[in-house]
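Student: Sequence:
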Amino acid sequence: MTKRLGWFLAGGLLVALLLAGVVSNFASSSPDGLDATAREGCTFNAEGEITGGTCIAQQESSHQLADSPLADYGIRGIENSFLSTALAGAAGVLITFGVGAGLFWVARRRKQDA
1 MTKRLGWFLA
11 GGLLVALLLA
21 GVVSNFASSS
31 PDGLDATARE
41 GCTFNAEGEI
51 TGGTCIAQQE
61 SSHQLADSPL
71 ADYGIRGIEN
81 SFLSTALAGA
91 AGVLITFGVG
101 AGLFWVARRR
111 KQDA
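The sequence shown begins at 1 in my numbering and counts up one residue at a time.
Just so you know, not all the hints are guaranteed correct.
Said to hold, decoys possible - Here are the simulated distance ranges between beta carbons:
| # | residue 1 | residue 2 | range |
| --- | --- | --- | --- |
| 1 | PHE8 | GLU40 | 41 to 51 Å |
| 2 | ALA27 | TRP105 | 12 to 22 Å |
| 3 | ILE78 | PHE8 | 31 to 41 Å |
| 4 | LEU103 | TRP7 | 18 to 28 Å |
If you're looking for bench data, these hints aren't it; they were derived computationally from the structure.
A virtual CB, placed ideally from N, CA and C, is assigned to each residue, including glycine.
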């Protein structure tokens, strides 16, 4: 790997960590398009619970990873929501970078062996 490519990758990783660790805390808490569409046709109380009507959201259930350590954009056990979200975002970036780097390493090694 050239020195220039190394600086490029390090800069990209730093920007991704900054976005995931800091900027993600300022994301809107309003439902996105999919959630808003699933909630069409129902009425809700102040806590966001369905009180009437008919909509797709009435059939939602917990997914299999709802109890995982990084569920709901945070880290279980950390009470500070800003820190929890920042650490979960940074962990996601580092895990994704590691998996991607590993795949590229394997592909590169395989090409050299052939």
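Student: Next step is simple, just say for each hint if it's right about the structure.
Tutor: Taking the hints in turn, this is what the structure says about them:
For the pair PHE8 and GLU40, the beta carbons lie near 45 Å from each other, so the given range of 41 to 51 Å is met. Remark: the range hint 12 to 22 Å for ALA27 to TRP105 is contradicted by a beta-carbon distance near 32 Å. At about 32 Å, the CB distance of ILE78 to PHE8 agrees with the hint of 31 to 41 Å. Taking 18 to 28 Å as the suggested C-beta distance range, the pair LEU103 and TRP7 conforms, at roughly 22 Å.
The earlier numbered hint that this structure contradicts is number 2, and it is the only one.
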